[in-house]
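Undergrad: Given next are the chains, with one letter for each unit.
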Amino acid sequence: MSLKSLTKPWQPMSYGFLDASAKRELRRKMLKSVAVPGCQMPYASREVPMARGWGTGGLQVSLTLLNPRLRVKVIDQGADDSVNAASIRRFLALVSGAPVTLDTLGADLIQSRHRIPEEIMREDQILVLQVPNPEPLRSVQPNMSIARQMHADADYGRMWLQLYEQIVRSGRVMQGAGYPSLVNGRHVMTPSPIPRWDVPKLNMAKHLSILSAGREKRIFAVPPFTRVEPLVFDDVPYRVEDHGGLTCSRSTAKGFFMNEIPQVDGSSTYEVSDSSYGVKTIQNREGDDVEFGETWYKDGEMTQ
Amino acid sequence: MTRVMDAPRIVTTKPLVVVRNVDKNYGSVQALRQVSALVYPGEVLGIVGESGSGKSTLLRMMNLEETPDSGTYTLDLPDVSGNLFELDRFARRMLCATRIGIVYQNPHHGLLMRHSSSGNVAERLLVAGERNFATLRAKAKSALAASEFPLERLDAPPIELSGGMQQRVQLAKAIALEPALLLLDEPTTGLDVSVQALVLDTLKRLQQERRITMVIVSHDLGVIRTVADRVMVMRRGEVVEAGLVDQIFQDPQHAYTQQLVHAKL
Amino acid sequence: MTHVLDIRSLTKGFVMHHLGSKMQAFADVSFTVDPGEFVLLKGANGAGKSTLLRSLYRSYLAQSGQILFQSDHGQIDLAQAADVDIAHLRRTEIGFVTQFLLARPRVSAEAVVAEPLRMAGVNATNALDQARHWLETFGVKPELWRAYPTTFSGGEQQKVNLARALIRPQKLLLLDEPTASLDANARAALVTRLADLKSGGTAMIGVFHHPGDVEKLIDRVIDLTPETQTEVVRDDVVI
Chain A
0 MSLKSLTKPW QPMSYGFLDA SAKRELRRKM LKSVAVPGCQ MPYASREVPM
50 ARGWGTGGLQ VSLTLLNPRL RVKVIDQGAD DSVNAASIRR FLALVSGAPV
100 TLDTLGADLI QSRHRIPEEI MREDQILVLQ VPNPEPLRSV QPNMSIARQM
150 HADADYGRMW LQLYEQIVRS GRVMQGAGYP SLVNGRHVMT PSPIPRWDVP
200 KLNMAKHLSI LSAGREKRIF AVPPFTRVEP LVFDDVPYRV EDHGGLTCSR
250 STAKGFFMNE IPQVDGSSTY EVSDSSYGVK TIQNREGDDV EFGETWYKDG
300 EMTQ
Chain B
0 MTRVMDAPRI VTTKPLVVVR NVDKNYGSVQ ALRQVSALVY PGEVLGIVGE
50 SGSGKSTLLR MMNLEETPDS GTYTLDLPDV SGNLFELDRF ARRMLCATRI
100 GIVYQNPHHG LLMRHSSSGN VAERLLVAGE RNFATLRAKA KSALAASEFP
150 LERLDAPPIE LSGGMQQRVQ LAKAIALEPA LLLLDEPTTG LDVSVQALVL
200 DTLKRLQQER RITMVIVSHD LGVIRTVADR VMVMRRGEVV EAGLVDQIFQ
250 DPQHAYTQQL VHAKL
Chain C
0 MTHVLDIRSL TKGFVMHHLG SKMQAFADVS FTVDPGEFVL LKGANGAGKS
50 TLLRSLYRSY LAQSGQILFQ SDHGQIDLAQ AADVDIAHLR RTEIGFVTQF
100 LLARPRVSAE AVVAEPLRMA GVNATNALDQ ARHWLETFGV KPELWRAYPT
150 TFSGGEQQKV NLARALIRPQ KLLLLDEPTA SLDANARAAL VTRLADLKSG
200 GTAMIGVFHH PGDVEKLIDR VIDLTPETQT EVVRDDVVI
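Taken in order, these protein sequences are the chains called A, B and C.
Take numbering that gives the first Met the number 0: the final residue in the first sequence is number 303, and no numbers are missing along the way.
Take numbering that gives the first Met the number 0: the final residue in the second sequence is number 264, and no numbers are missing along the way.
Take numbering that gives the first Met the number 0: the final residue in the third sequence is number 238, and no numbers are missing along the way.
No lab work stands behind these hints, which were simulated from the structure alone.
Some hints here could point you the wrong way.
Stated by the list, open to error - Listed below are several chain B residues computed to face chain C (Cβ distance under 7 Å; list not exhaustive): (1) Tyr39; (2) Asp228; (3) Gly242; (4) Asp245; (5) Asp250; (6) Ala254.
As the list claims (entries may be wrong) - Here are the simulated distance ranges between beta carbons: (7) Leu76/B / Ala151/A: 21 to 29 Å; (8) Pro223/A / Gly128/B: 25 to 33 Å; (9) Pro223/A / Asn131/B: 25 to 33 Å; (10) Asn131/B / Ala34/A: 28 to 36 Å; (11) Glu240/A / Gly128/B: 28 to 36 Å; (12) Leu76/B / Lys31/A: 33 to 41 Å.
All of these numbers come straight from a predicted model, not from anything done at the bench.
Beta carbons are placed, not taken as given, at the ideal position from N, Cα and C, and that holds for glycine.
Could you put the whole structure together from the sequences, leaning on the hints where they help?
TA: See below:
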């Protein structure tokens, strides 16, 4: 027996770009973050051929989870066809040979920037969210050592105070994207800058969500069937964006989260933010045989 | 005829606060030497002494911000037991957040200067688990009213308020949860004489109407004489004398206390 | 019936550290007081009359001896008792009328008078009503009731002081020249109130410059002038 027979032949690049030890670390940290829902786990964020802050956290998680049978979908603010989404999708396919898709129903792994698809995700799907700032306490406690201690003590008084102050000053909660949410009744997390519209989708979701911040080197997760409750006062109900009554100007889909397209005359038209859902609606209207999944929102109202 | 701290009591009940034989050294400096103190429910204990006498250190220990080298601290409350100096950080934080209120000399220490005044009070209620906005607001309002804070400035940030008003916000925050023990660290030092008098009036009124147990630290004998029932005189980390307020001022026993009382204008 | 107060060999002196000297006020004083008894303390200036009263009230710390007081909670030695007990007894059983009013600034006259009742748990309106009644009895003009006594004349202050001290019947009342600076009407009101309290069982020890006012109430006179006591005792005193 020689050393040569025990090792793999030399390759110019590891499968899935990241080296084996990096992937092992990420797997361990993902397991840890699933074990303690919402708790931020530190990890050694590796160099990837992309600038920090462009989704390197999500990319590393996706690279670790990839295998040749895993079908990948990448979206950027709901769109499959933005430059960033297309580049990441192509890169993932290139380094792993994994098949890609644009359809939420057909994907096994969805890497997303700032949106959760409108169609309900299943138990066998994984959502990877790119997180710019994983620390919900940053705005109230700039010292991260103390913030960590506050998480350990479940000391979220300041977090609540921030909401109180917003209501006192502006009459309503001003937090738009990344609404702080209590996971499993224990840790407050920022659900990455998804709109308020998407936060209820995480509550008791069937799928696993992994949130990863490459620049900040933190990973956290919402396991399937885990409570995710946005921080709200008993008497000030949680409100999502008023998009329930809007209709997509291109696909005529109605009751979903929209992108506002400003017009020359000062008015606005709207397009459905989840581009794959918009495309499916158009194909369906043109008579193609398209399979729709159940959606979280029906007629602009959250189901369940 | 010396009266020890534990003179036989036949009338009154158990002390609320028992601090016993506390020693604290900072390097080679002895900050506290075998200091003991009792505080009874509903009374105001005044601690006087010059700068560096250890009076503020003792108060911070009562707020569990500092741990002595040795000594014990107990509170006679139904759900609190054992030596509080041995509690871990989390238990200390919860105890201080819910049962002990403190007013610092420097409002920057006790307040979030750029949040609203009502928010500063509400924070304490939030920490205790209040999650109803209307209730929070009502309770913050009533605590501020009890501290005689002008309610039309309810949501003004403390940074825009005068020193006296800032102390009232601190006071409102400290009493918002009806604490078992209210600690006051030079609460009127640095205020104008007239403002100081008004803040002291508020304290006195709170004490009479709510029977809040208080410990007030001051180097100002006039302040102590106005609000305290009993006085403890400290010097160089030791208690030199303790007694009823009129006894300390009219018949001081210790040479240092006599000097202190005679120095009063 | 037991004595309200049983004073045994009470001695008081002062150590003046800054002068390095000692001053003897009185020594080896013993007497008893029964419920409803009025004891007048007599003696030349400096004989220690006021000092004795203050020692009984514990504003001064006695050096030796016992002050056995029959409280509602049993017998207690006022010379030795814990401060909190004394504070409690002052609120409930022992009253002290001084020559001077030491009113807290910015508190109205009626609130000052009502305070002992408030401390005893009487509700605010009731306490204020009673306070006004006694202010009226001692002849304080109604327009002054809501003013701050710190600005009053000596006589008016003393009336407020009396109203405050006598508003609640106590078991033991110490009187330190309450009639000084009082006009005739107020003096008469005071004597009436004292007579009432006395018949109600309040024991009193008083120092009066002109005991003529209260002559009818006096049961016993104790002379503190040193010559009337034995010289030997004074020499024995170790401060």
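Undergrad: With reference to the structure, classify each hint as holding or not holding.
TA: So, going through the hints one by one against the coordinates:
no.	hint	in the structure
1	Tyr39	holds (5 Å)
2	Asp228	holds (6 Å)
3	Gly242	holds (6 Å)
4	Asp245	holds (5 Å)
5	Asp250	holds (4 Å)
6	Ala254	holds (4 Å)
7	Leu76/B / Ala151/A: 21 to 29 Å	holds (25 Å)
8	Pro223/A / Gly128/B: 25 to 33 Å	holds (29 Å)
9	Pro223/A / Asn131/B: 25 to 33 Å	holds (32 Å)
10	Asn131/B / Ala34/A: 28 to 36 Å	holds (33 Å)
11	Glu240/A / Gly128/B: 28 to 36 Å	holds (30 Å)
12	Leu76/B / Lys31/A: 33 to 41 Å	holds (39 Å)
The structure shown violates none of the earlier numbered hints.
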